[in-house]
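So the sequences go chain by chain: A and B.
Using this note's numbering, the first residue of the first sequence is number 12, and each one after it goes up by one.
Using this note's numbering, the first residue of the second sequence is number 12, and each one after it goes up by one.
Please keep in mind that the hints were generated in silico from the structure rather than gathered at the bench.
Watch out, some of these pointers could steer you wrong.
For identical chains, the list gives no copy identity; a pair is met inside one copy or between any two copies.
Restricting the straight-line Cα-Cα distance to at most 27 angstroms, the calculated cross-link-like pairs of lysine-lysine (DSSO-like) are [unchecked claim]:
id: 1; residue 1: 245; residue 2: 346
id: 2; residue 1: 86; residue 2: 312
id: 3; residue 1: 233; residue 2: 86
id: 4; residue 1: 86; residue 2: 120
id: 5; residue 1: 221; residue 2: 323
id: 6; residue 1: 120; residue 2: 346
id: 7; residue 1: 323; residue 2: 245
id: 8; residue 1: 202; residue 2: 371
id: 9; residue 1: 202; residue 2: 86
id: 10; residue 1: 86; residue 2: 346
id: 11; residue 1: 86; residue 2: 245
id: 12; residue 1: 333; residue 2: 76
id: 13; residue 1: 323; residue 2: 291
id: 14; residue 1: 323; residue 2: 233
2 protein chains.
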Amino acid sequence: MQLNPNYQTIASNDLRQFAISVFKYIGCSDLDSELAADVLLKADLRGIDSHGVARLSGYVRLWEKGRINAKPNVKVIRQTTSTATIDGDAGLGLVVAPRAMELAIEKGKNCGTGWVAVGNSNHFGIAAYHAMKALEFDMIGYALTNASPLVAPTFSKERMLGTNPICYAIPAGMYEPVVIDMATSSAANGKLEIAQRKNAPVPEGWIQTKLGGITTDANGLKLGGALLPLGSDKDRGSHKGYGLGAMVDIFSGVLSGANFGPWVPPFVSFLDVQPNLPGKGLGHFLGAIQVDGFSDVDIFKNNMDLWIERFKNAEPINESQKVIIPGEPEAQFMKIRIADGIPLIDAVVQDLKQLSINFKLEHPF
Amino acid sequence: MQLNPNYQTIASNDLRQFAISVFKYIGCSDLDSELAADVLLKADLRGIDSHGVARLSGYVRLWEKGRINAKPNVKVIRQTTSTATIDGDAGLGLVVAPRAMELAIEKGKNCGTGWVAVGNSNHFGIAAYHAMKALEFDMIGYALTNASPLVAPTFSKERMLGTNPICYAIPAGMYEPVVIDMATSSAANGKLEIAQRKNAPVPEGWIQTKLGGITTDANGLKLGGALLPLGSDKDRGSHKGYGLGAMVDIFSGVLSGANFGPWVPPFVSFLDVQPNLPGKGLGHFLGAIQVDGFSDVDIFKNNMDLWIERFKNAEPINESQKVIIPGEPEAQFMKIRIADGIPLIDAVVQDLKQLSINFKLEHPF
Numbered sequence: 012m013q014l015n016p017n018y019q020t021i022a023s024n025d026l027r028q029f030a031i032s033v034f035k036y037i038g039c040s041d042l043d044s045e046l047a048a049d050v051l052l053k054a055d056l057r058g059i060d061s062h063g064v065a066r067l068s069g070y071v072r073l074w075e076k077g078r079i080n081a082k083p084n085v086k087v088i089r090q091t092t093s094t095a096t097i098d099g100d101a102g103l104g105l106v107v108a109p110r111a112m113e114l115a116i117e118k119g120k121n122c123g124t125g126w127v128a129v130g131n132s133n134h135f136g137i138a139a140y141h142a143m144k145a146l147e148f149d150m151i152g153y154a155l156t157n158a159s160p161l162v163a164p165t166f167s168k169e170r171m172l173g174t175n176p177i178c179y180a181i182p183a184g185m186y187e188p189v190v191i192d193m194a195t196s197s198a199a200n201g202k203l204e205i206a207q208r209k210n211a212p213v214p215e216g217w218i219q220t221k222l223g224g225i226t227t228d229a230n231g232l233k234l235g236g237a238l239l240p241l242g243s244d245k246d247r248g249s250h251k252g253y254g255l256g257a258m259v260d261i262f263s264g265v266l267s268g269a270n271f272g273p274w275v276p277p278f279v280s281f282l283d284v285q286p287n288l289p290g291k292g293l294g295h296f297l298g299a300i301q302v303d304g305f306s307d308v309d310i311f312k313n314n315m316d317l318w319i320e321r322f323k324n325a326e327p328i329n330e331s332q333k334v335i336i337p338g339e340p341e342a343q344f345m346k347i348r349i350a351d352g353i354p355l356i357d358a359v360v361q362d363l364k365q366l367s368i369n370f371k372l373e374h375p376f
Numbered sequence: 012m013q014l015n016p017n018y019q020t021i022a023s024n025d026l027r028q029f030a031i032s033v034f035k036y037i038g039c040s041d042l043d044s045e046l047a048a049d050v051l052l053k054a055d056l057r058g059i060d061s062h063g064v065a066r067l068s069g070y071v072r073l074w075e076k077g078r079i080n081a082k083p084n085v086k087v088i089r090q091t092t093s094t095a096t097i098d099g100d101a102g103l104g105l106v107v108a109p110r111a112m113e114l115a116i117e118k119g120k121n122c123g124t125g126w127v128a129v130g131n132s133n134h135f136g137i138a139a140y141h142a143m144k145a146l147e148f149d150m151i152g153y154a155l156t157n158a159s160p161l162v163a164p165t166f167s168k169e170r171m172l173g174t175n176p177i178c179y180a181i182p183a184g185m186y187e188p189v190v191i192d193m194a195t196s197s198a199a200n201g202k203l204e205i206a207q208r209k210n211a212p213v214p215e216g217w218i219q220t221k222l223g224g225i226t227t228d229a230n231g232l233k234l235g236g237a238l239l240p241l242g243s244d245k246d247r248g249s250h251k252g253y254g255l256g257a258m259v260d261i262f263s264g265v266l267s268g269a270n271f272g273p274w275v276p277p278f279v280s281f282l283d284v285q286p287n288l289p290g291k292g293l294g295h296f297l298g299a300i301q302v303d304g305f306s307d308v309d310i311f312k313n314n315m316d317l318w319i320e321r322f323k324n325a326e327p328i329n330e331s332q333k334v335i336i337p338g339e340p341e342a343q344f345m346k347i348r349i350a351d352g353i354p355l356i357d358a359v360v361q362d363l364k365q366l367s368i369n370f371k372l373e374h375p376f
């Protein structure tokens, strides 16, 4: 247990080049390698350390197990004017989801909104990468994905849902866009890991024990417990977090032909995929909504600026902590880390170094 | 304070006829009166007592104040193939929202999905009424609305958002549809009212005091406090509930040209509308998504049945309480209340009787 992990700070472009070399090594095309690296780096730049290069070796292990196809033939298997379903051919979600989002944006330009369900895919990194693509076109972006079952619905002992995130990216005028990117559990797994490293207890309401009891042990999940839905318990509305996680699962999994609920294949390669699966891989659901389909873009952006200003200036409980606009902290991280580089904890540096040794790749560490 | 309120049970059709007569009295057309009564009755039948005929006199008082137009000229003011924006002309949300949902369904039939932002409207009853309309056409229905500011964002002393509900209605095969209809606050106002009537404390995490402190006083909201976002506090993810409430506000208010945030006009007629509003009335956002746009309808419904069965049979923490499918309790209420009538507490009966006396209307009480 490392109480004060050491950090090493790496320039984001060096880290990107290293990630590209890893994806190329496993057989991805040059373009796909760059795309996948960009998705991971966006997480590191935005301060979502759990979803960046810290996961690189996780993707590699899934490839080693034959669960990721480095040269997928991504196909549109069904479509209408505003909708499509894509089969990701077991490709990296980091590559499949951006393709799907391109299609959603194209459809959105054509008829006001575009919606793409993606099946037979893998973990797609941070939802915000995909949703934020829409912003360049004055569109609102939307991204959902299901994930390895870790969350117990209200009243359940069993893990039935992933942390199933929901993301909305909404353009503004003079301010940064509003980006809501949230797990539908009360705490993301990344936060648990931080508590585990510090050997610190976690708040009541993050996890339950194997028997469904209350615990503040940060290792509760490893001991067979489960994450709790947003709301934490029935009294405080955990059935709502469960409902949102269910919605994400149904849109991402059931609508797309992917797996759903407890059948979603685990991200960690040491857990086997279950037999007799109802679908293929895991699934995403992506959307692009033309602001211009509803409102003058200028009027909308002016009112978004007014919205942001009014919420920033809401009377705070403590003068020292103002109300935060969703996406504001991540945008601040991004500015700092583009300039100063990305701090990686020692465990991640060692993991990436090992990868570079195994694959005989140059590395910046 | 009434500890054991008496109930009177009224046949739903009698209650519907009474509601129709009230809407006719204030000047609504025959069709609009029936529609508005149907929306209210659906809440009573589904067991959402706070949103049914208990609110009838509230709508009347808004009409008396000149804030509701009984003969609105509902207009489409902008549209694309898959989107539209509607101006509700200050009509009852109970009438405007169903019209908007019809348009969303029509667009959805035509191009896979239909999305309608509604501005210049009023309270639209339960979100589920509108979203569930899509089910008849093998569509997934979606409904959002903003509402009177009662919820304080994380770190805010001020009330900035309504309880801003999110509703998804998803068709299944042999089972009832999955209907997720949830406020984005940790507790709905209706639940507070029940605690107030019982003079009982509420769980920590429902409300904060006027200064932003913790309280379990059910009257905390009346004393100037605020409801808390889903998640209850920062540690347990209240920034996520705040983010969801913000999303609902932006789609319903900013996109439609309605008011948003703290400017949303209050439902209670004794509070005045603020000066210098940025928009008109309050807003909704409605959607209809063709299942067939993504998947064979039969395959989807079979997999939804599998989803429902698997979740119903998740291993429960206590054998006596199985996992609940979203919408299941409301569907059970509906069966019972169609057969046995709708129980109204004495305060509501007295309120409706007074209405019948004032307007010289026949009544079933």
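> Which numbered conditions among the earlier hints are violated in the structure presented, ordered from lowest to highest?
Replying inline: 3, 6, 8, 9, 10, 11, 12
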